[in-house]
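*Asks:* Residue numbers (our numbering), protein chains in the order written: chain A, 1 to 809; chain B, 1 to 154.
Calculated from the structure, these hints are not laboratory results. Positions of the beta carbon are idealized from the N, C-alpha and C atoms, including for glycine. Misleading hints may appear alongside valid ones.
Claimed, not checked - Each pair of labels, with its calculated beta carbon distance range: (1) B:Ser118 x A:Val344: 32 to 42 angstroms; (2) A:Lys696 x B:Ser118: 11 to 21 angstroms; (3) A:Thr746 x B:Gly66: 29 to 39 angstroms; (4) A:Ser337 x B:Ala40: 39 to 49 angstroms; (5) B:Ser118 x A:Leu277: 36 to 46 angstroms; (6) B:Val13 x A:Lys693: 41 to 51 angstroms.
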Amino acid sequence: VSGERGRGAGSSVSRRRFLEVAALSSGGFALGLRIGGPRAAWAEAAAPADGVQPAGPAEPGMASATASVDTAFVPNTWVIVDAEGVQLVCPRNEMGQDVHTSLTMLLAEELAVDPRKVVITQAAVDPVYVNSLLGVQITGASTSVRDAWQPLREAGAAARLMLVAAAAERWQVPVEDCRAEDGHVLHSGGKLAYVELAADAARQPVPDRNSVRLALTPQSAFRVIGTALPRLDGADKARGRTVFGIDVVRPRMLYAALAACPVLGGKVVSFDAATALKRPGVTKVVNIDEGVAVIAHHWWQARRALADIAIVWDEGPAAKLDTAAIFAALEEGAQESGALVKRVGDAEAALESAERAEQAAAEAQAAGKTGTLEKNHRRQRVVEARYTSQLLAHATLEPQNCLAVFRKQEKKEEEEEEEEGKKKENGKKEKDAESGPTVPQEAPPRVEVWVSTQYPQEARDFAAKAAGVEPSEVRIYAQFIGGGFGRRLESDFVTQAVRIAKAVPGKPVKLIWSREDDTAHDFYRPPSLNLVRGALDGDRVVALTHKLVSPSVTARMFPALVEDGLEPFMSEGTANLTYAIPNLELRNVIREVGLRVGYWRSVSHALNAFAIESFLDELAHAAGRDPVAFRLAMLAEQPRLRTAIDRASRDAGFVRAPSAPHNGRAFGIAAMECYGTYVALVAEVSGVAEAVKIEKLTIAADCGITIHPDQAVAQLESGVVTGLINTLRAKITLAHGRVEQANFDTFPIPSIREVPPIEVIHIESGAIPGGLGEVGTPLVAPAIANAVFELTGKRIRSLPLEDGGVRFV
Amino acid sequence: MTTLLLNGESVTVDVSADTPLLWVLRDHLGLSGTKFGCGAALCGACTVHVDGTPMRSCALLVSQLGDRKITTIEGLEGRVASAVQDAWDAVQVPQCGYCQSGQVMSATALLTRNPSPSDAQIDEAMQGNLCRCGTYGRIRRAIHAAAGKLKARS
Chain A
1 VSGERGRGAG
11 SSVSRRRFLE
21 VAALSSGGFA
31 LGLRIGGPRA
41 AWAEAAAPAD
51 GVQPAGPAEP
61 GMASATASVD
71 TAFVPNTWVI
81 VDAEGVQLVC
91 PRNEMGQDVH
101 TSLTMLLAEE
111 LAVDPRKVVI
121 TQAAVDPVYV
131 NSLLGVQITG
141 ASTSVRDAWQ
151 PLREAGAAAR
161 LMLVAAAAER
171 WQVPVEDCRA
181 EDGHVLHSGG
191 KLAYVELAAD
201 AARQPVPDRN
211 SVRLALTPQS
221 AFRVIGTALP
231 RLDGADKARG
241 RTVFGIDVVR
251 PRMLYAALAA
261 CPVLGGKVVS
271 FDAATALKRP
281 GVTKVVNIDE
291 GVAVIAHHWW
301 QARRALADIA
311 IVWDEGPAAK
321 LDTAAIFAAL
331 EEGAQESGAL
341 VKRVGDAEAA
351 LESAERAEQA
361 AAEAQAAGKT
371 GTLEKNHRRQ
381 RVVEARYTSQ
391 LLAHATLEPQ
401 NCLAVFRKQE
411 KKEEEEEEEE
421 GKKKENGKKE
431 KDAESGPTVP
441 QEAPPRVEVW
451 VSTQYPQEAR
461 DFAAKAAGVE
471 PSEVRIYAQF
481 IGGGFGRRLE
491 SDFVTQAVRI
501 AKAVPGKPVK
511 LIWSREDDTA
521 HDFYRPPSLN
531 LVRGALDGDR
541 VVALTHKLVS
551 PSVTARMFPA
561 LVEDGLEPFM
571 SEGTANLTYA
581 IPNLELRNVI
591 REVGLRVGYW
601 RSVSHALNAF
611 AIESFLDELA
621 HAAGRDPVAF
631 RLAMLAEQPR
641 LRTAIDRASR
651 DAGFVRAPSA
661 PHNGRAFGIA
671 AMECYGTYVA
681 LVAEVSGVAE
691 AVKIEKLTIA
701 ADCGITIHPD
711 QAVAQLESGV
721 VTGLINTLRA
731 KITLAHGRVE
741 QANFDTFPIP
751 SIREVPPIEV
761 IHIESGAIPG
771 GLGEVGTPLV
781 APAIANAVFE
791 LTGKRIRSLP
801 LEDGGVRFV
Chain B
1 MTTLLLNGES
11 VTVDVSADTP
21 LLWVLRDHLG
31 LSGTKFGCGA
41 ALCGACTVHV
51 DGTPMRSCAL
61 LVSQLGDRKI
71 TTIEGLEGRV
81 ASAVQDAWDA
91 VQVPQCGYCQ
101 SGQVMSATAL
111 LTRNPSPSDA
121 QIDEAMQGNL
131 CRCGTYGRIR
141 RAIHAAAGKL
151 KARS
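So here's chain B without its partners, still in its complex pose (with noise of 0.2 angstroms):
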């Protein structure tokens, strides 16, 4: 039994030590937010906050959490979490949507610690999100407006 403390819960789940945290949300916990798109840790789609930290869950053994504090999509919140999903639902961000999740699990974290991104620190923070359909101009766009929006707010 491992028990992990995931979207501000604690959670307990009977899997092998060596089973990576992505397929424990997905399969045993139901949060299917939280994507597989490589297995590898290179394409973000798994992206979740481990103690706010973006992390690619693929590569993270559901055994090395302790009690780290797991964020997926769903347990998203926040006022910069609201920013970014309001900034893309703005700027109109998605169109397949399968990257998304991570997306704005990566662009909150950065919006998180860095509250005015330049184009260079977004395209490092957010490089490691690939988006197949290409939206990477509006990803930009959303992050630089949701940065907008908190700067008003604060």
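So that you can see chain A by itself, here it is in the shape it has in the complex (with noise of 0.2 angstroms):
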């Protein structure tokens, strides 16, 4: 999103690429997008993908770049055409977000091959493939469709103008006369596949850009675009088949279980491993500073050791924080003005304004006066509130865990404990390519890392430092992800692993995060307290203030994005406020609680959409108003939001309930514009404030064209359910500065039985891709705590919902 805003996090390299070719020894091309400065820079890690070979047939599936090809261009490449195919290096990592296949349609459409027989390999990290919206090699904030819709099928277009040209040029007859269908190159006179003609097509230029542009296929004429295929890696996720980073086998490999500082920020100060060491299966014990880590032959082993191991910690600055002292810090932040992320008009003047007119109608009334002027005072009104937002742990049902291995640099000595690892094999002949395998000769990577990642590019630089290494000498190998919802854009794993596979040189280690680890040290949503005061002059909302105070996940990660207190991440919902307002005035207050915070699905668009979609409805019931027709007055330069809330109301059947309490069934709206995409969502409700049930959620949006609409749909589900982990129950609180929620019956994810119908409406605008991946989760929390009032009469004011007095059933 806040490239959007022109910020990228990193290099602004991105918008002076374009396609380049490379010919393969295996006589076929690749094509990649080139960025400016020497080759050999960037040409590091041809990836065997070892990991990630599907245990079942190859195809479709993911497979290690090709053995053939010329090395030092395929890190760079987005496509390959040689004698075995396409294949797609997919820049992406796969979390479920449908990534592997909407951006395989993206290629198949213009390259015209069947998405199925597309082989999909797993990029490395390498400038080429940094998301162009975000600046790094991220997957991330719901962009990976919007940053590939343009390049990806430029790629594909230039390919398969290359492999016209070869074929044209093979019959002798004019590319006019030519067309490419099916993976294969049609002439009256005969039929090419792109394997034959993959060897000549690789001789020929580059398109131009703009011929590239020409040649890409209308919407009106797309035949994998908009289809209902089916996700390529969906029927090896049903058979468990799919290997994920936890997943991932190396010869030879260890386990190990860490013991990690309960209190978040401590350090071990001493510890004794005597019994430990004892224990059966236990080769090692490892101080890693922020825990205690035992390396054993089998996980099971390993983790039974750690309750052996007496360790003395340095719980460290966070030893006395509590839940109480976040908030507080968070009530101090907001004494503070902070940075200005939007204004229009004067809205303190506004606010005054109404506020004495409010005064002087009351003071009139008082009096009996009942004038003109009495009445146009009475008209105006100030209301004010304050909303909160707990803490919240990611949950990935992955739990985290990376596998690594640390090689010295003394080369003889490496190869020396390699071999002698070997001998130990039991003559297990493995036929293993640890050094890669098209270069036998060369030397492994001193540092090789297998990571359910979304952000490889940090994942490389922390594993270097943690090895002392240079990234350069990094090979990161991203699987299949168990759920990220941004858990896995942070890469404290992979220093622990790096640091725990330096004790035991040359042999690769997994470390393995038992639940409780991964509840108690994540990186957390944001704790937030947004404050917000509106006036309204008779139905109309003539001013709005709104202050978002919460600590920055920003700041410690891309900190060169925060600048003079704005950060980026903090404004979303409010900088991109789609609400005709005459007097704005949005800002956010960073304010640090002593806590690490993190990117969690859909970021502040949650925190701030729960403040202002609840806080306008609070404004249309003190106007007397319809919060569906309220809304729409304020949207007239809005017609995709306008058409979302239209479809949503409608389609659920919205009603506004006459007065609370009544026949036992209300409805709650929400609406805004998050990633691109134009999102309504109506919660409808039944029961009584000590039972409430959630009788059907029904969210309409616009992404604009859909890549793969099935999938869409999908995502949207998905997001509505992330929406209700922080609507319900689930919240992380601290005492003694240790997280109290452990596993899921202390941090509680819906089940199937909490989870009401999802009705999906997609709307098809036609316009260029907006984002889906968090769509779904911000307007869940609003659309219900709206629909509450409207049941109970109760206003709640904090999430999860729960702890303003209701209970879900």
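Assembling the complex is the task here: the two chains are given apart, and the hints tell you how they should meet.
*Replies:* So this is what it looks like as structure tokens:
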């Protein structure tokens, strides 16, 4: 999202890049996006993606980069066409959001191939794979399709033009008489498969950008985009065949379990591992400062041995931190004016004027005056509220884990050690290629890491730092992710795994966190305090002020993006506020609270939408207006959001309850633009405060052109369920510096029983693609809170809502 | 040494008696389709069949199993399992996919003992299988679809 505002977290190279071609020794070609500078600088990681090899048949699925390619080019490649077929080197990581299939569909559309026949290779770390909307190689912020939309289709079209040109040359016919279809070039006189043309196509010049753009398929002629293709990874996932990071196995692999300091930021002072070392399978106990790790032949042996280690901790500055102190810090922060996100007109003056009028009206009423002036005064009203959100864990179902191998520089010593290790394998001769399948003479990389990550670039840099080597000496093999939600934008577990692996050079070690580790050592969704004030003149909102007070994720991860206290991810949902209100003042205050925080699906959209969309409901109620009509009145210039609201409220059968308490059913609505997508959500609830039943959630979204509609719907469903997590009852609390939750009993995520029917209305507007992965999440809390108010008369201003005196059944 | 009846074969492993079945499957036998999620029988990612009953392998000690028949996702077969997995494909259930082995195991066990479950019975049988991506609506649809297929075939 920040990228849309022209803010890259890294370099701004993306604008200058265009396609380049390289001929492959295998008789084909690779198209890549070249960035200026010497090739050698970024020709570093022809990933032998061993870990991601599917257990089942190779197609479709992920495979390692073709062995015979010119390795100098492969790392920068997006598309390979050779005698084997078509490969997409996928720059984004698959975590359920359908990025493998969606991006393959973009390529397949333009290359005129069956997407099911495209082999997907997970990209290594390289500047060419930088997400142009974010400036770093990240999968996040609902950007994957938006980022790939143009360049990946262009790569496909360019490859197609080259294949067609090669065929035309072979047939000695004009290119205009040839066309590409289903992996072939056709001409009245014949048909040639891409695999037959690849070598010739490699000698064709790359068409210039204009020709490529002219060759792009018009929307009306899409054959792949917009179809109901089964997910390319779906069948394997239903059969337990997908290899996630936690499943990767390497020869002679050891396992590690970690006793991390129960207080985040604490450190090991001393420990006694004598008993643990005597346990079966335990090979080493390692101090990595933030904890003590046991290395063993099997994970359960390592895990069990942890209990035998007595550790003395320096619990550090957070030793006394508790939830009350965290919110007290936010209250302090609320005294600051913070940074201005958006200003229209003069909101403070408008609020003051409304306040004076309200007061005058009250005085006039007391005096029995009823003139025109008094009437005008009576129309004016100031409403004020404070909203809070508690900390949340990400709770990815695949606990954090990382497999790493560290090799010493002294080659001889290391080889001896590895040889020795291989002998111990009891004759189990692995024809394993730790050095990669192509160049057996080359020394293996100093550090190799197999990990479920959304941010392979950081994983590489953190691994390098932990190992004390250059980033170029590290290989990251990014794996299928068992749930990201922002947790795997962090690389803390990579640092840990590499530090542990460093203690046993040459041996791969897989660190696996327990669920309890995972819950208590997260980068939590920031706690928040939102202060909102609004002025009404009759049923019109004439002023709105909003201030979000929270710790900043961005200040830690991408400090360069925070300018004068303005935090681009804290202003989500405010910088892009869609309502036409004549006087606005929207601010953010960064207030650190002594606990690390992280990006959590939809980030501050959720915090700000809860406050603003609930507050608009308060204003609608104060004005005596229907909350749908009230919103639509401020959206004259927002046809896409109007349509979303209209569709959601109509399909959900939205009616405003005449007065609460009423007949036991109520509706609530919330709406916003986020990630370039326009979305409205209606919640229908029933029951009483002590037992609120969520009957149905209806979400309408206009995300522009939809690459893979069924999975777009799936993403919205998924986003809504994530929204339920922050709505119902889950929260992270602290006492004595320790997280009080440990497993799914104390940090509950919804079960099948707790998720109501979710109706998704997919609006086809034909606009350029918007984001989808996080769109379903932010409106769930305000829509349900608004419905709960209609149902019970309780206005709950704290998340989770159960903290506000209702119970959900 | 412990001998297990696993996926129709007798398998002997050298593990301590207190090792949960989950880790024997994953680390010793290379059967990584069964997933580690919570270690406390709270999420269902590690669901296997023990004599046809869905059980959480993270909470089953290897020494407790005796000669009971264990089936993992890798060894799952038969008409019910096929109907379930086909329905999973048709409805496009998986997202990240991490919980899906466990979901498929629980759904297969449900349909084996109850060929046409109601929504409430599905909730009852599946409530121990958490899906962090929130694919529940599709899971329910897929179970109904599989039930329909099985009924049509029988």
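*Asks:* If a hint holds in the structure, say so; if it does not, say that too.
*Replies:* Now the hints, each set against the structure:
no., hint, verdict
1, B:Ser118 x A:Val344: 32 to 42 angstroms, "violated, 54 angstroms"
2, A:Lys696 x B:Ser118: 11 to 21 angstroms, "holds, 19 angstroms"
3, A:Thr746 x B:Gly66: 29 to 39 angstroms, "holds, 34 angstroms"
4, A:Ser337 x B:Ala40: 39 to 49 angstroms, "holds, 47 angstroms"
5, B:Ser118 x A:Leu277: 36 to 46 angstroms, "violated, 55 angstroms"
6, B:Val13 x A:Lys693: 41 to 51 angstroms, "holds, 48 angstroms"
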